[in-house]
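Protein chains: 2
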Amino acid sequence: MATCGWARAVRGLLLDVSGVLYDSGADGGVPIAGSAEAVRRIKASGLKLQLCTNETQATRENFVRKLRALGFDISVAEVTAPAPAACRLLKERGLRPHLLVHDDLVPEFAEVDKTNPNCVVLGDAAENFTYANLNEAFRLLIGMEKPVLISLGKGRYYKETDGLKLDVGAYMKALEYACDVQAEVVGKPAKKFLESALAELGVPAEQAIMIGDDIVSDVGGAQQCGMRALQVRTGKYRPSDENHPEVKPDAYVNNLAEAVDIILQHL
Amino acid sequence: MATCGWARAVRGLLLDVSGVLYDSGADGGVPIAGSAEAVRRIKASGLKLQLCTNETQATRENFVRKLRALGFDISVAEVTAPAPAACRLLKERGLRPHLLVHDDLVPEFAEVDKTNPNCVVLGDAAENFTYANLNEAFRLLIGMEKPVLISLGKGRYYKETDGLKLDVGAYMKALEYACDVQAEVVGKPAKKFLESALAELGVPAEQAIMIGDDIVSDVGGAQQCGMRALQVRTGKYRPSDENHPEVKPDAYVNNLAEAVDIILQHL
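Top to bottom, those sequences are chains A and B.
With the first letter of the first sequence counted as 1, position 97 gets the number 167 in my numbering; the numbers rise by one all the way through.
With the first letter of the second sequence counted as 1, position 128 gets the number 198 in my numbering; the numbers rise by one all the way through.
Each hint should be verified, as a subset may be incorrect.
Any copy, or any two copies together, can satisfy a pair, since identical chains are not distinguished.
List of simulated lysine-lysine pairs, DSS-like, C-alpha gap at most 30 Å [stated by the list, open to error]:
id: 1; residue 1: K216; residue 2: K318
id: 2; residue 1: K118; residue 2: K229
id: 3; residue 1: K216; residue 2: K306
id: 4; residue 1: K229; residue 2: K216
id: 5; residue 1: K306; residue 2: K184
id: 6; residue 1: K216; residue 2: K136
id: 7; residue 1: K161; residue 2: K216
No wet-lab data here; the hints were simulated from the structure.
Since the model is a prediction, treat every value here as computed from it, not as a measurement.
All chains, please: the whole structure from these sequences, using the hints.
Here it is in structure tokens:
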């Protein structure tokens, strides 16, 4: 058995979802081979497990329903996602959002006052990223004395079954530039968000490993919180990630199943 | 008569167009009061005149037709615009563009080989800034060994008769971020572009004044080329421009007519 120093003294795993458990797509997506079995093995081993996603195209309830249909044994409480975290932030600060998000995410904000908006919340709006909707969000921001832009993640792009798509981060940059503001990111790699996922996982950072396909959001974000982090060679992984100028994972693994094999061997 | 040091020893004027001559809009736009008369007075005075625009929603021919319909005595040779400059650059470097531009600009690229694209040219595509079109441009770029993104200007936003609109610069930032590249800007405030406008004006930088409504693209760009530059309080001008951290115009004027009054008094 290979000796993998990074795999020692682990009590909990934070898993990214899209690109690790499944490849998303308009058709509902397809599971990545071995991932459903890997989730079952994690649970059977007694390791703690929490999914930490930047997914903002569905409520957590619908997201979990989709994962279960794909064969993943996951409950809503096992998912940390940006929208509920954003709702807490909005309430704490008395902010009333204009939403530029996916239609299916809107119910997450049902309890939030959206009259007379004093901030813009940007998610992965997909088909709602229209010229008209972007101009509307821009005009609201530029009309505020101090524009407040809250972005649910800052990913560059992601992979769907029919190809790569621009992610919310690209649109965030467009609005940041137009309004000369800096967005507040709720989602990976924001430290506060990853710390809330870690709190829900219930183990200290030094006993947790993050496993993700995004070198910056998953790996870089987790390492900044003191966790170890693996990059899988599935999802949006590209060979050029292995030369990233700033972020170096604790290890590369071919996929989640391989990571789980190694971790379980070291328990 | 007020003594205005900035108005001395002038032999030529570079004028921005939208927000200085007229306010643009889907309805064709409306002239700014006094501007058509001001253009006539410049020409009658013997001062040289060149329009320098980042307009990329029409060919120069159609753009000039629109200006003439609004009462401006302007010919095609008096307009410096990004698309013809971009065509020269594409030919020089053997680049074959994928175009994400306004439908009405496409004829400017009629002579350019667009098969098997090895770069993306981005203009103010307006309604063509769809989710699908942005994803298509992104996928082409991210698939190139060394992505080349050419942006026709980098304005943040502009004013139309029905409100502010995101300009090409915002979409440029989105693609720059997603692909981790830096766009090459053809248009104001790029020095090379302003120098080509100055060459077409036919006077040295120190004898030319730029008049524009954009503190960065017009004023900052012209000053970097050694020209004097005025900001008009029309078009997209906002009072906060007067506190810009980096750019300070040689003077503010209420509108083009006032600028021309003062300049002609100093001839």
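A quick look at each hint next to the structure:
no.: 1; hint: K216 x K318; in the structure: between (37 Å within a copy, 23 Å between copies)
no.: 2; hint: K118 x K229; in the structure: within (28 Å within a copy, 54 Å between copies)
no.: 3; hint: K216 x K306; in the structure: between (36 Å within a copy, 19 Å between copies)
no.: 4; hint: K229 x K216; in the structure: between (35 Å within a copy, 20 Å between copies)
no.: 5; hint: K306 x K184; in the structure: between (35 Å within a copy, 29 Å between copies)
no.: 6; hint: K216 x K136; in the structure: neither (39 Å within a copy, 37 Å between copies)
no.: 7; hint: K161 x K216; in the structure: within (18 Å within a copy, 45 Å between copies)
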